[in-house]
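A.B. asks: Required output: the full structure, derived from the provided sequences and hints.
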Amino acid sequence: MRYLILLIISLFASHANSIEWEDKQLFEGAIGSQTISVISSTDTAIFAPIITSFLTINPELNINYYVASSADVYEEFQRNPQDYDVVISSAMDLQLKLVNDGFSARIEGISYPDWAQWRESLFGFTMEPASIVINKKAFETLKVPRSRQEMIRVLRTNPELFRGKIGSYDVRQSGLGYLFATQDARASETYWRLMEIMGSLETRLYCCSGSMIEDLSNNTISIAYNVLGSYAQARTDIADKIEIILPSDFPNTMMRTAMVSKHSLSIRSSASFLRFLTSSEWTKAEGDSYHLPPLQAASQNEQRSAIALEPGLMIFLDKLKRKTFIKEWENALIQ
Amino acid sequence: MSTSDVNVYGSLRNRLVMTLIGGVAMLTLLSYFVIRNYAAHIAVQSQDSILRASVTSILDAAALRDGSVEIDIPYAAFSMLGTTTDDRVFYVIYQDDLVLSGYEDLSLPKDRSVTETAYRSTIYRDVAVRQVSASRTLIGADQRTIITASIAQTQDSLDDALDEISENIAIYGIGFFCLAVLLSIWVSSATIAPLKRLADSVARRGPQDLSPVAKPVPTEMVPLVSSLNHFMERLERSLKQSEEFIAEAAHRVRTPIATVRSHAEMTLQRVDKEENRQALRSMIRAIDETSRAAGQLLDHAMISFRADQHDYVSIDLVEITEDIVMRLRPVAEMKDVTIQLNTDAEVILLGDSILIQNAVRNLIDNALKYSPSDSVITIEVRKQPVTFIAVQDQGPGFQTHEMASLTDRFTRGENASGTIGSGLGLTIVRDVAKAHDGAVELSNNPSGGACVTLSF
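Chains as they are written, first to last, in my numbering: chain F, 7 to 341; chain A, 18 to 473.
These aren't lab readings, by the way, just hints derived from the structure by calculation.
Quick partial rundown of chain F residues pointing at chain A, CB under 7 Å, derived from the structure:
(1) N106
(2) W124
(3) E316
(4) G318
(5) M320
(6) K325
(7) L326
(8) K327
(9) T330
Simulated restraints, written as ranges between beta carbons of each label pair:
(10) F:E34 with A:R69: 50 to 58 Å
(11) A:E133 with F:E202: 38 to 46 Å
(12) A:D128 with F:D29: 49 to 57 Å
(13) F:E202 with A:D128: 47 to 55 Å
(14) F:R152 with A:D177: 43 to 51 Å
(15) A:T73 with F:P165: 43 to 51 Å
(16) F:Q88 with A:V131: 39 to 47 Å
(17) F:I340 with A:T73: 30 to 38 Å
(18) F:P165 with A:S130: 55 to 63 Å
(19) F:T242 with A:Q160: 55 to 63 Å
(20) F:F256 with A:D177: 33 to 41 Å
(21) A:S85 with F:R159: 31 to 39 Å
Every value quoted in this text rests on a predicted model; they were computed, and no experiment measured them.
Ideal Cβ positions, reconstructed from N, Cα and C, are used throughout, including at glycine.
C.D. replies: Structure below.
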C-alpha cells in the first residue's frame, strides 16, 4: 500500500513536473456536455474570441484550453498524445513532424491549398508575417527601415543609438524564433550579416513575442526583429507607440497550424473544431475583440510568402543540422 | 436426308470463336499483369532515384571538423521528397554503428555493402516504406569514419499512381478485348463461309445435277470437295449404267420373247394334232407370262430408278387414264368387260408422267385380269377431296388377311392362281405412290369386287 501511494505520488509528481502550463482555462458551451482538450501555443487572450464563437455555434461542447510554449506543446503532446484532442502551434516544423511521426488523424473533405495543409492532417489557419517592430520615438530623427538591408544600414550608421536596444528571439528557446531564423537563413545571406551587426550591438534575446513587445512599449528596446506582427497588433493599448514593418525584401509568413490527435476519443467534435478554424467563420465574430489574421483573408502576395507545409521543414529539426545552425547563430550573435 | 438425321457434334464456328476469345482473354490478362508490374517497377525506380538523390545530398553535406562529424543537411534533401499525397519521410544517420541523428529505430538492411546503395521495401512503424541507404567514408587527419544515411518514405503517392495506371490499363484491356471478340467472330464467319457456300450450292442442285463442284475452294477443303466430286462421278456413272441396263434389258428380253411367241403361234397354226396344239398353247401361255413378268420387272426397275430422279412436270391424270383405257379396250372387249370412266374434266398433278402411266396401267391391267367375263370395271378420277384414281372391278376381291402384304414384291393373292401375273403390279403402284408422297388403298366392295385407290 505504501508503495502504491508512493507510486501515485511519484506519477503525479512526474506529470506535474513534465509541463508548466502558461495558462489553463475551461470554456463552457451553453449546454456543454462533451469536452475537447486543446493544447496550444497561442495565448488564451488572443485565442479566446475564436473559442467563444465556436461554442456559440456548438453549444453542446466545452473546450479545455491549455497553453504552453511551442516546444513544450510538442514535448507534452508527444508524451501524452491520448490526453489531447486538438494540437495548435505556431511551430510549423514541430507540428509537421508530429504528423509525419503518425500522431494525427486524417480529416477528409477540407478543400485547402496544397501549401497550407499536409496529409489532410495538418492545416494552417492563420497568416502571420514576421515583422520588424520599432518604437516610433526612437526613430523620430531616423529613416524608418523598410527592409533588412535598410535595417543593417541604420544599425551600422548609428551603433551608439542601438547598442543594447535591439531585441530578437533566442532561437535556442523559441521554436517560432528558430523557424523564422532558419527560413531567413534559407532565403538570404543578408540574415547572417544582420545577425553579425546585431551581435556586435549586444542584442537582447527573448523567449517570446509578448515580452519583446512589452519591452518595446516601455522603451527598453527600440527595435525588435522577427516579431509576430499579429501579437503587436493585438496590443491596441500601445498602437500609437510602435510601428509594424513587413520587410519588403523577403517576407516570411508563419501559419498557425492545427491537427486532431489520432488518439482522440472525440474525433468528430475535434474535427468540427478544426473545420471551424479552417473555414473563415471565426473571423465573423462580433465585437472589436482582436482576431488572428485568417488564412482565408490573406492576399496573393502574403500567400506566396507563406512558409509551405512540406517535409523540408523537418530538416532544421535534425540534431546535427540544429547543432550546426545554433553554433553559427551563436557565433554571429553572441560575441 | 434432313439435317435432323445428321449426327451433330459441336460447331466449328463456335469452337473457333471460343478458342480465339479464350486466347485473347488470356493475352489481355497477361498483358494487364505484365504492364502493371512494369509500371510498378518504373514507379518504384523513380521513387528510388529521388530517395537516392536525397541520401547523396545528406552524405555530401557531411564533413569532419576538428575530429567531429558535422552534417549541414541541405533543405532540398527533404523538400525534394514532397509528393502529391504528402508521403511521410523517415531518416537516420549513423556514424559507424552509432546513431548520429534521425529516427533511431529505423534499422538498416543487414547484408549491406558499404560501397553500394541499398534499396529495400520494408515495414516501419506499421506502414510500408521504401528505404534507400548509402554510406560514405570520411577521412580526417588521423581518423577514418563511415557515415551512413538512410531515408525511408511511405508509398501513398506510388500506390495512387499505380491505381490510376491499373485503372487505365484495365480500361484499355477491356476495349482491346471487346475489339478482339468482334474480330474473332468476324474471322470465324469468314473462315466458315466457303464451307457454307459449298453446302448451299450442293443443296441447291437439281436432282440430276451430278456435275463436279467447279467453284474455287480453299486448300483445306480440297480433300472434301475432291471426295465429293469423285463420289458424284461414281454415282452418275452407276446411274447411267442402270439406265442403260434397263433400256438394254428391255430391248434384249422383249424382242426375243416376242419372236418366240410369234414362232409358237405360227407353229400352232400348222400343227393339227390336238395334244401338240395343247402343248403349244401352254407354251404360248408361259411365254406370255414370262413376257409380262419381264416387262413388269423392267418397269419396276425403271420405276425405282426414276423415283429417285424427281423429274416432275405438271400432268393431267384424266388424259393419261383415258389414253390407257383406250389402249386396253381391245383386251377388255375380248373378255367382254366394259370399262366405265367417271372423271372430272381435268385433274392436274405434279409428277413423273412415265411413272403415273405405269401405275395406272397396272391398276387397270390387274382389274382386267381378275374381272370375270361380262362385268364392269369402274374407274374414277377426281381431284376432290384429294387427287385420286380408283379402279373397281367385279372380280373375287381381296382376301382380308392378305391386304397388308399384297403390295410386297412378288406376292400374289391366293385366288390369283388362275391368272397370269408376276406379283409386281401392286408393288409398282405402291412405289409410284411413294415417289409422289401418295398412298395406295386396297378395299373390297360390299357388293363384291376389289377396289384399289391411288391417291396423291
